[in-house]
Amino acid sequence: MTHPRLLLTALAASLVLVACGGDPPPPPAPTGPTAEELAEMARQDSIRAAEAAAREAAARADSIRRAEADAAARMQAARSTLEEMVFFDYDEATLRPDAERLLRQKAEILRNSPAVRIRIEGHADERGSTEYNIALGNARAEAVRQFFTSFGLDASRFAITSYGEERPLAQGSTESAWARNRRVEFVITAGADQINPM
Amino acid sequence: MTVVSTLRTLRSSSAAVPAALALLLALPGGAAAQEDFPGVALGMVYDAVAPPGLAIQPFEGRFGGQGVASGIEAIVGRDLTYSDRFAVVDSLPASMGGEGVDYALWDRLGATYLLRGRVEGTGDGFVLVLELHDVLYTRLAHEGRFDLPRREADGFRMAVHRASDAVVEWAFGEPGMAASRIAFSMMRDDGNREIYVVDSDGENLERVTNHNDLAVSPAWSPDGRYIAYQAWPDLMGIFEVDLTTRQTRQLDPGRDGNYLTPTYHPDGQTLAFGVQGNNNRSGIFTFNVRRDCCLTSLTEGRFNDLSPVYSPDGRQLVFNSSRLGTATPQIYVMSASGGDPEVLSPYRYGAGGYYNAPDWSPYGDLVAFHGRVGRSGAYHILVARMGRNRELLKLTVEGNNEDPSWAPDGRHIVFVGERNWGKGLFVVDSGSGAIRAILRGVDVGEPDWSPALGN
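Chains L and S, in that order, are what the protein sequence lines are.
Quick note, in our numbering, the first sequence goes up one by one and the last residue is 198.
Quick note, in our numbering, the second sequence goes up one by one and the last residue is 455.
Read the hints as simulated data drawn from the structure, not as lab findings.
Predicted model only: the values in this text are computed from it and were never measured.
In this text, a Cβ means the ideal position worked out from N, Cα and C, and glycines have one as well.
Take the hints with a grain of salt, since some may be wrong.
Here's a subset of chain L near chain S, in silico, CB distances under 7 Å, partners left out [to be verified]:
no.: 1; residue: 91
no.: 2; residue: 130
no.: 3; residue: 139
From the derived model, a few chain L residues whose C-beta atoms are all more than 12 Å from chain S [unchecked claim]:
no.: 4; residue: 44
no.: 5; residue: 58
no.: 6; residue: 61
no.: 7; residue: 84
no.: 8; residue: 92
no.: 9; residue: 102
no.: 10; residue: 133
no.: 11; residue: 135
no.: 12; residue: 194
Whole structure, please, built from the sequences with the hints as guidance.
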């Protein structure tokens with residue numbers, strides 16, 4: 001911060017010189033730069049300094065913005081990971097290997113984000129009885145919660161529920177629709193703004 | 001496929017059962033071969049004898065009853081047809097009305113019974129006078145007067161249904177089921193399910209909940225005043241609607257958990273239901289719903305115990321459990337105070353089988369449920385005869401058939417049927433095997449038939 005102060009002093013000196021010019025008899029001719037030259041140099045210096053300061057501020061703001069955007073993107077990615085569904089086999093409530101891989105990523109994020117609470121919602125395909133499918137969806141949600149608690153996460157952070165076959169993701173009575181509907185969904189109920197990406 | 005036996009025979013005379021079953025088991029494969037339920041003895045159950053003919057003479061209107069007489073006759077005629085106990089002949093020409101009874105004429109027309117009706121205006125409603133004549137013995141067998149409210153009144157159709165049930169009682173000494181309603185969930189165009197009720201004949205559809213979300217699994221209280229059901233204010237909870245005030249409240253058993261599939265104890269005080277998750281104790285629980293207290297655990301474990309129903313004496317519970325695996329839920333019977341449950345459904349190790357949604361008949365001798373054999377088999381309505389000689393009967397042959405519930409007559413069963421034209425609410429008469437759809441083309445679920453609705 002010393003540099004701008006020096007410049008200001010030089011500027012003030014040149015202003016004094018300009019204000020005094022012409023009234024008293026001319027002083028002896030200077031041996032260095034004239035007062036006009038000094039004033040001009042000071043003016044150029046101040047412009048360069050102001051430009052440099054502006055560039056620096058812009059760069060700093062830019063890097064903050066970039067960092068913020070980066071953090072937001074990583075938070076959004078973490079949130080997407082937390083909210084990504086897992087799928088199940090027909091009539092099964094046991095976790096498939098692909099589900100376990102995803103749940104391990106979720107568990108890491110949850111470990112770093114203690115404020116986050118999640119509702120785990122189980123679903124079933126349309127086959128089977130309505131009431132039993134609610135139980136099956138609940139068993140799927142419970143399997144997910146048990147996976148999390150086996151990672152040392154506090155069970156009280158997770159509420160589980162089931163919608164059975166009542167809220168299908170995909171319509172239709174095809175194997176691909178059924179496969180989409182046999183799922184567990186994740187709803188962040190608290191701490192969505194306090195997700196700590198790793 | 002004519003199988004000669006009746007559930008009523010099975011119920012009233014256990015001595016008759018071995019002979020009937022021996023006959024059935026001797027039948028060649030036929031229908032039984034399509035659906036190989038282990039231990040299922042019968043394919044279809046038909047009455048041994050043709051039902052007696054009942055002729056309905058055109059109802060007469062007097063003193064202001066003229067305008068409603070034929071409408072009342074139509075309701076009674078359909079009720080008696082739907083009772084599946086008579087071969088009903090109605091909508092006869094007006095010329096067959098009038099004074100006096102020509103028994104010889106009705107005998108020639110094949111009638112065992114003749115029903116005559118007279119409707120009289122009373123100022124604030126009507127009186128319906130019914131006479132049941134025994135044509136063979138040429139005498140008036142029974143006569144009754146029934147007060148009806150104004151035609152626009154809420155209770156009008158139900159009052160007519162009660163008169164129809166009296167006719168069944170006169171002729172057979174057993175209650176009818178016309179004066180009853182059926183509660184169920186129905187999917188609306190907006191994608192939400194609400195609880196509805198409809199009269200036993202499929203008329204008078206009425207919505208009773210307003211969650212704008214999901215509401216399922218309704219259950220009638222024994223006095224017909226309340227309906228308990230399950231809804232989702234985020235997590236699953238049990239609600240109760242008072243049909244006299246239309247007030248709805250959520251029960252608070254005071255413990256974390258998902259509560260589902262409620263049912264009333266015959267005392268009307270206690271609800272039994274399944275509890276899942278959000279605590280480490282899942283299972284069948286009970287709660288005193290009139291005093292809001294006394295949550296009690298009957299079973300524990302992670303077995304998806306749900307859909308409990310009490311026996312009519314309140315001493316046993318039948319429910320659903322996946323303690324043999326999630327892919328093979330079975331029906332269990334247990335003491336109402338807990339203890340070791342016993343498998344009721346036809347489970348055989350290695351054979352799989354998927355059985356759900358039990359309901360105990362009002363006489364306590366039969367339990368209906370649905371099931372399928374293989375992983376992709378169709379669902380059918382099955383009836384287990386309780387007691388020492390357990391037998392299993394299959395009541396449906398086509399489509400998918402789920403969620404049976406007994407009528408107060410202990411004879412009819414309502415269920416959700418799925419046919420190639422869509423879903424609907426069906427009624428099967430376990431005495432005759434007759435099946436009719438009372439609501440068609442609607443996505444309905446979990447029907448529960450009310451008790452007889454007095455007043």
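Run the structure past the numbered hints and jot down the numbers of the failing ones, going up.
Per hint list: 8, 10, 11 violated.
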